[in-house]
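J.: What follows is the residue order along each chain.
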Amino acid sequence: MDLENTKAQMRKGILEYCILSVLSRNSCYASDIIRELKEARVIVVEGTLYPLLTRQKNAALLSYRWEESQQGPPRKYYELTQEGREYLDDLDKSWDELVKSVNLIRSGKKSKTT
Amino acid sequence: MKLTISINLGGYSFNIDEDAFAELKRYLKNLELHFAEEDSASEILSDIESRMAELFKVKLTSYKQVITIADVQQAISVMGTPEDISDNEKRTAGDKFSSPGYNRMYRDPDRRIIGGVCSGMGAYWNIEPWIVRVIFLILAMMGGLGILIYLILYIVLPEAKTTSQKIEMKGDPVNIHNIKESVKKEFDTVTKKMKL
Numbered sequence: 002m003d004l005e006n007t008k009a010q011m012r013k014g015i016l017e018y019c020i021l022s023v024l025s026r027n028s029c030y031a032s033d034i035i036r037e038l039k040e041a042r043v044i045v046v047e048g049t050l051y052p053l054l055t056r057q058k059n060a061a062l063l064s065y066r067w068e069e070s071q072q073g074p075p076r077k078y079y080e081l082t083q084e085g086r087e088y089l090d091d092l093d094k095s096w097d098e099l100v101k102s103v104n105l106i107r108s109g110k111k112s113k114t115t
Numbered sequence: 004m005k006l007t008i009s010i011n012l013g014g015y016s017f018n019i020d021e022d023a024f025a026e027l028k029r030y031l032k033n034l035e036l037h038f039a040e041e042d043s044a045s046e047i048l049s050d051i052e053s054r055m056a057e058l059f060k061v062k063l064t065s066y067k068q069v070i071t072i073a074d075v076q077q078a079i080s081v082m083g084t085p086e087d088i089s090d091n092e093k094r095t096a097g098d099k100f101s102s103p104g105y106n107r108m109y110r111d112p113d114r115r116i117i118g119g120v121c122s123g124m125g126a127y128w129n130i131e132p133w134i135v136r137v138i139f140l141i142l143a144m145m146g147g148l149g150i151l152i153y154l155i156l157y158i159v160l161p162e163a164k165t166t167s168q169k170i171e172m173k174g175d176p177v178n179i180h181n182i183k184e185s186v187k188k189e190f191d192t193v194t195k196k197m198k199l
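Residue numbers (my numbering), protein chains in the order written: chain A, 2 to 115; chain B, 4 to 199.
Source of the hints: derived by calculation from the structure; they are not laboratory data. Because the structure is a prediction, the values reported are computed rather than measured. Some clues are possibly wrong.
[To be verified] Each computed DSS-like pair below joins lysine-lysine, with the alpha-carbon atoms no more than 30 Å apart:
(1) K13(A) with K164(B)
(2) K8(A) with K195(B)
(3) K60(B) with K77(A)
(4) K39(A) with K62(B)
(5) K13(A) with K195(B)
(6) K5(B) with K164(B)
(7) K62(B) with K164(B)
(8) K195(B) with K173(B)
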């Protein structure tokens, strides 16, 4: 077993969920999303984000529009589609369940050992 | 004094040192290879280019107007190498191409004399192509059998065109690292040729 590998696998699943969560509040462009994910420490290298965004866009969970920017070329602003919102609701539910299950198992293990 | 190159990255224009340019180009090429199997590879790549342009933009002031190799290396460490991006997927990604040590016979266009059959066979068995050529020549002189076999092999064997095929031909396992080495080698020979 490789600890780093396990950690990376955990992060990867959660990352997709986090991107949708960030976008559920308001539409953002990629660098905004990166800032939030970096602050929350769910992302290590930025390059991980772009293939995920594109995949989610291709799956019709996200859409994007071009917006003018004062600092330079137009930016791509991503937002959730209706389908994306439903998808996120589902993920929210399964996340809550997961946390509950994991906590149950962890606390159960503790009471046995003590 | 250093030569700078003017580039368009994500819609911004930059002046970039020659060595920094080579580094950036190599990095983007690696990413391109990494995402090659993705449906929207070009879209992902252009998003990454835009982001790198932003990272470069904040490096420039009125005192510093040129992107240096240190800037490029820093941007690469922020964006991550293809290996970082795929996290630990690289094992499965390597398997997808072929298992380690597996090689196929191709015609080698880089070392060919007629059609690259002998050099390809040499690469396959890891022997000097000259040995194969001599055997073919002897067979050809003994009633022309060599010519017939050569013609059949020429038709049957595919030419190693892509980087991954060339690696497969030499029997190295095909993974991102090998491809990177080959691309680097190719890139270096091209730059050497340009300098001559």
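J.: All the hints need checking, so say for each whether the structure fits it.
T.: Hints versus structure:
1. K13(A) with K164(B): 35 Å, violated
2. K8(A) with K195(B): Outside the cut-off at roughly 43 Å; violated.
3. K60(B) with K77(A): 18 Å, holds
4. K39(A) with K62(B): It holds: about 20 Å lies between the C-alpha atoms, which stays within 30 Å.
5. K13(A) with K195(B): 42 Å, violated
6. K5(B) with K164(B): Distance of about 35 Å is beyond 30 Å: violated.
7. K62(B) with K164(B): Violated: K62(B) and K164(B) sit about 40 Å apart, past 30 Å.
8. K195(B) with K173(B): 24 Å, holds
The structure fails hints 1, 2, 5, 6 and 7 (numbered hints given earlier, in ascending order).
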